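Participant: Top line first, the protein sequences correspond to chains C and U.
Under the working numbering, the first residue of the first sequence carries the number 1, and numbering increases by one thereafter.
Under the working numbering, the first residue of the second sequence carries the number 1, and numbering increases by one thereafter.
Among the hints, a few may not be true.
[Said to hold, decoys possible] Derived DSSO-like pairs: lysine-lysine, alpha-carbon spacing no greater than 27 angstroms straight-line: (1) K131(U) - K157(C); (2) K343(C) - K322(C); (3) K159(U) - K283(C); (4) K159(U) - K48(U); (5) K157(C) - K154(U); (6) K159(U) - K152(C); (7) K75(C) - K168(U); (8) K283(C) - K168(U); (9) K527(C) - K538(C); (10) K242(C) - K159(U); (11) K242(C) - K527(C); (12) K341(C) - K317(C); (13) K108(C) - K168(U); (14) K48(U) - K154(U); (15) K102(C) - K332(C); (16) K279(C) - K137(U); (17) K48(U) - K164(C); (18) K131(U) - K561(C); (19) K159(U) - K279(C); (20) K137(U) - K242(C); (21) K41(C) - K75(C); (22) K157(C) - K159(U); (23) K660(C) - K321(C); (24) K24(U) - K83(U); (25) K137(U) - K152(C); (26) K83(U) - K164(C); (27) K463(C) - K168(U).
Treat the hints as calculated values from the structure; they're not laboratory data.
Computed from a prediction, not measured in an experiment: that's the story for all the values here.
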Amino acid sequence: MAKMVSLTIDGRPVSVSEGTLIVNAAKTIGIDVPVFCYHPKMEPVGMCRQCLVEVGRPAIDRATGQPVIENGQPKINFGPKLETACTTPVSEGMVVLSQSDKARASQKEILEFLLTSHPLDCPVCDKGGECPLQNLTMEHASPQSRFLFDEKHHAEKRVPLGDKIWLDRERCIQCARCIRFQEQVAGEPVLAFYQRGRSTDIITSSEPPFDSIFSGNTTDICPVGALTTADFRFGARPWEMKAAASICSLCPVGCNVTFNTRREAKSRARTGTTTAGGKVVIKRAMPRQNEQVNEIWICDRGRFEWHYVEREDRLEKPLVKKNGKLEKVSWKVAIEEIGNKVKGNKEEVVVLASGRLSNEDLFNLKQLADGLGGEALLYDSLPGGELTTKYGVSAGTNIGDMGAGTTILVAASDLYHEAPIWHLRVKQAAERGATLIIVNSEATRLDKYAKHLVRCEKGEAAKKVRELGAAVKDAKNLVIFFGADGSSALAEACAELVKSRAGKPNNGLVGVWPRANDQGALELGFKPAQDLQAVFEKASVVYIVGADPIGDGAIKTQNVKRKPFIIVQELFLTETAKLADVLLPAQAFTERDGSYTSGERRVQRFYPAVPALGETKADYAITALIAAELGIEVEGRSAGLVMDKLAAAVPAFADITYGKLAETTEQWPIIGRADLYYGGTSYQNSQGLGVPLGRENKKAEEGSL
Amino acid sequence: MPVLEPIIELGRGLFTTLRSMFEKPVTVQYPEERKPVKPRFRGRHVLKRYENGLEKCIGCALCAAACPADAIFVESSENSDEKRFSPGERYASTYEINMLRCIYCGFCEDACPTEAIVLGDQYELSFTDRKQAIYPKDMLLEAVAASQLLTPQKTEPGKFTRSVPEMKDPQD
Ligand code: SF4
Ligand code: SF4
Ligand code: SF4
Ligand code: SF4
Ligand code: FES
């Protein structure tokens with residue numbers, strides 16, 4: 001435990017650990033010292049001078065080394081100048097005045113200076129309404145400027161910094177948050193200042209420009225509207241949008257996001273691929289704080305690639321194949337059709353599901369498969385992935401805690417592209433002193449942080465991992481991220497290394513899955529599909545949910561002698577869907593609730609953001625309908641009720657309820673609407689931090705293995 | 001005197017009637033005849049244009065934010081020099097006012113940073129259908145004078161870079 005230091009800020013006593021900066025100490029007791037360049041996730045630089053406060057320290061008697069006492073009180077010496085609260089650490093007995101006349105006058109003057117070069121075009125600025133400069137100006141600045149309006153600084157207003165991020169040179173206040181984010185947090189120093197004084201510009205030095213998968217985060221922390229996203233450009237004003245908590249569905253990290261939604265007029269088509277006819281649509285995705293998962297960041301895939309859920313070619317009505325053509329029918333007809341065909345063929349039913357489905361969907365599918373005596377297969381996971389259910393990381397694991405003493409092994413995975421936020425977090429752990437070992441056949445962007453870099457041929461990663469055995473044996477903690485390398489040998493080799501540690505926090509396997517919920521499927525007892533072609537040819541009924549094996553080439557239909565009865569449940573008319581005998585339209589994850597299990601085995605809830613499209617139904621509900629038709633009892637009324645059933649049936653999920661998943665605790669740094677100026681526009685998490693799995697592994701530790 | 005009193009009262013009443021026959025009538029023969037409205041009259045809105053025909057509205061939705069009746073709906077898009085609707089980067093691609101919701105308070109006018117939305121003189125609004133009460137942008141936009149061009153216009157690059165003009169306080 002760090003030494004505690006007591007001080008008073010604006011007359012209020014506070015006790016914080018040694019080394020804390022004044023601005024953060026103030027924040028802990030709810031005093032807002034205005035800042036622009038300081039950001040709690042980055043090193044302070046003291047560039048903007050907005051945070052100047054008066055600081056007094058107790059006078060020390062040189063002879064005795066004791067504080068001087070005057071009238072029974074310690075004598076406080078105030079410095080002749082103000083000090084920056086963002087760079088000054090607290091000290092014992094310190095007295096900070098953030099609201100004294102002197103401090104307030106300086107805060108006012110700094111703002112007046114900043115505004116001489118600021119266009120004040122808030123009405124057309126995408127940041128307007130959630131802009132720290134606006135807010136601090138309203139709070140601290142003087143209503144009149146003493147500078148000449150005609151001498152205002154003018155610069156270029158629409159500079160594409162990359163294809164995703166646009167810069168407004170006029171609005172930049174040179175706080176360098178964006179530059180420092182790229183340097184310190186993302187580890188990709190592609191932004192820099194160019195020129196000096198009033199001509200200072202932000203430029204990008206990379207080719208292609210602004211080459212970083214984390215670039216969108218700079219728009220969150222930019223305290224003005226200088227950096228905005230091309231995707232959201234003029235999309236809506238912040239106050240017009242509603243916020244819905246969700247989980248990013250694009251990779252196994254499971255970043256917490258918030259979808260901002262708004263009704264859109266009939267007259268406008270948003271992009272080439274989406275239209276919205278007077279509907280409520282998603283306008284943008286923003287990060288939502290979860291310090292154990294994504295902190296306050298998301299990657300650009302999560303921020304910009306959710307558009308697929310609004311594609312025009314979404315399926316809206318059930319379809320049944322009649323005379324070789326898919327025809328629109330009612331749900332009743334479609335389900336009856338399934339009932340008729342399946343009732344005779346129960347024993348050879350195969351359910352093929354993908355990791356895009358939620359835990360609830362997968363549980364229901366498993367129930368159905370079990371009820372029919374069929375198989376439940378997971379499409380496209382990692383070979384040997386099921387080992388993570390035994391040796392996966394367990395409750396209490398947090399990459400953010402890892403540092404010296406922890407060894408992180410990344411085998412056959414390019415985290416930067418496959419799970420970007422893990423890349424960021426592993427990189428930070430390595431910088432804190434964790435030993436990073438990378439085994440890969442190709443160079444990755446994480447390589448430069450590795451202590452040991454092992455190059456191998458494709459398919460040889462398992463061998464190399466086994467050779468590492470002795471090297472990692474003594475590590476206090478060991479976490480292994482593994483990807484696909486041909487066979488299950490890699491997963492087995494990795495499991496071998498962590499076997500003895502299973503159940504301990506910050507130890508275990510993490511599968512870098514292709515989809516968001518592959519972990520959940522495995523936890524629920526799905527088997528990774530092997531040799532799909534054979535399975536397909538043998539089965540009499542195949543129920544394919546959220547996967548496109550035919551489009552991906554995993555199943556070839558040309559020479560199949562006997563085609564099974566194919567039920568497909570999908571968002572789009574995929575190649576597989578075209579072959580379906582019955583095609584059922586599912587809701588996207590943005591239209592319903594549910595939960596995903598992340599690769600770190602954290603179960604997290606997502607909530608509906610927009611109304612469901614057409615006649616679509618949630619996957620778990622469709623499965624329940626089919627089950628009911630076949631005389632099997634499966635819960636389908638609501639996702640929460642399915643979770644109750646799931647928790648009762650699957651030991652790993654025991655006690656998990658929707659209520660528990662929605663619980664939050666206080667997180668640092670404080671993020672949220674009133675604290676925009678401090679942490680940026682990332683959303684506060686008030687809808688749940690999720691619950692980690694891992695109790696199974698506790699049993700393992702007790703010796704049942 | 002109880003007998004005379006009703007007669008006097010009757011006479012007084014008849015005199016008033018008689019007198020008013022020779023007074024100038026206050027009734028206005030609407031719609032043939034109309035009274036001019038006061039300078040600050042708040043009638044149906046007009047979206048103004050600059051002298052060159054460009055729209056003043058920049059699609060900022062501050063009017064919608066100020067509106068206590070939630071009557072305004074704005075969606076904005078980006079201008080280009082090839083297709084310019086308003087000065088600066090942004091224009092209202094959708095602008096609708098629901099005249100049935102509007103309470104003619106004029107807050108939108110106050111909120112507008114470009115003096116684009118102005119409550120005009122028109123008070124003759126009638127609809128046969130609720131949907132007709134939603135006035136889209138083309139109904140609200142001021143007609144172009146002969147000297148002006150319709151929007152969108154093709155403009156020379158670098159000329160219209162500012163969205164928000166410098167404004168003076170209103171005089172009346
Ligand atoms: S672009 Fe934004 S974050 Fe970057 S220096 Fe300018 S104001 Fe700061
Ligand atoms: S890291 Fe993965 S989960 Fe997070 S935002 Fe990116 S794609 Fe989504
Ligand atoms: S006059 Fe008042 S009620 Fe009518 S649109 Fe304007 S702000 Fe809304
Ligand atoms: S009318 Fe004025 S306030 Fe309303 S969107 Fe247009 S510019 Fe903004
Ligand atoms: S100098 Fe302290 S916040 Fe910028």
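Participant: Within 27 angstroms, alpha carbon to alpha carbon, are K283(C) and K168(U)?
Facilitator: Roughly 35 angstroms between the alpha carbons, so the hint for K283(C) and K168(U) is violated.
Participant: Does the alpha-carbon distance linking K108(C) and K168(U) stay inside the 27 angstroms limit?
Facilitator: holds (25 angstroms)
Participant: Is the hinted pair K157(C) and K159(U) satisfied, with a Cα-Cα distance of at most 27 angstroms?
Facilitator: holds (13 angstroms)
Participant: Is K242(C) close enough to K159(U), meaning Cα to Cα at most 27 angstroms?
Facilitator: Since the Cα atoms of K242(C) and K159(U) sit roughly 37 angstroms apart, the hinted pair is violated (cutoff 27 angstroms).
Participant: Are the Cα atoms of K137(U) and K152(C) separated by 27 angstroms or less?
Facilitator: violated (34 angstroms)
Participant: Between the alpha carbons of K279(C) and K137(U), is the straight-line distance 27 angstroms or under?
Facilitator: Cα-Cα ~19 angstroms, so holds.
Participant: Taken at face value, is the distance from the CA of K157(C) to the CA of K131(U) at most 27 angstroms?
Facilitator: Between K131(U) and K157(C) the Cα gap is close to 39 angstroms, so the pair fails against 27 angstroms, i.e. violated.
Participant: Has the given pair, K48(U) with K164(C), been kept, meaning a C-alpha gap of at most 27 angstroms?
Facilitator: violated (34 angstroms)
Participant: Keeping to a limit of 27 angstroms between CA atoms, is the pair of K463(C) and K168(U) held or broken?
Facilitator: Measuring from Cα to Cα gives roughly 77 angstroms; hence the hint is violated.
Participant: Does the alpha-carbon distance linking K343(C) and K322(C) stay inside the 27 angstroms limit?
Facilitator: holds (19 angstroms)
Participant: Would you mind confirming whether the straight-line C-alpha gap from K660(C) to K321(C) stays at or under 27 angstroms?
Facilitator: Answer violated: K660(C) to K321(C) is near 43 angstroms, above 27 angstroms.
Participant: Going straight from one Cα to the other, do K242(C) and K527(C) come out at no more than 27 angstroms?
Facilitator: It is violated: about 39 angstroms lies between the C-alpha atoms, which goes past 27 angstroms.
The structure shown violates the earlier hints numbered 1, 3, 7, 8, 10, 11, 15, 17, 18, 19, 21, 23, 24, 25 and 27.
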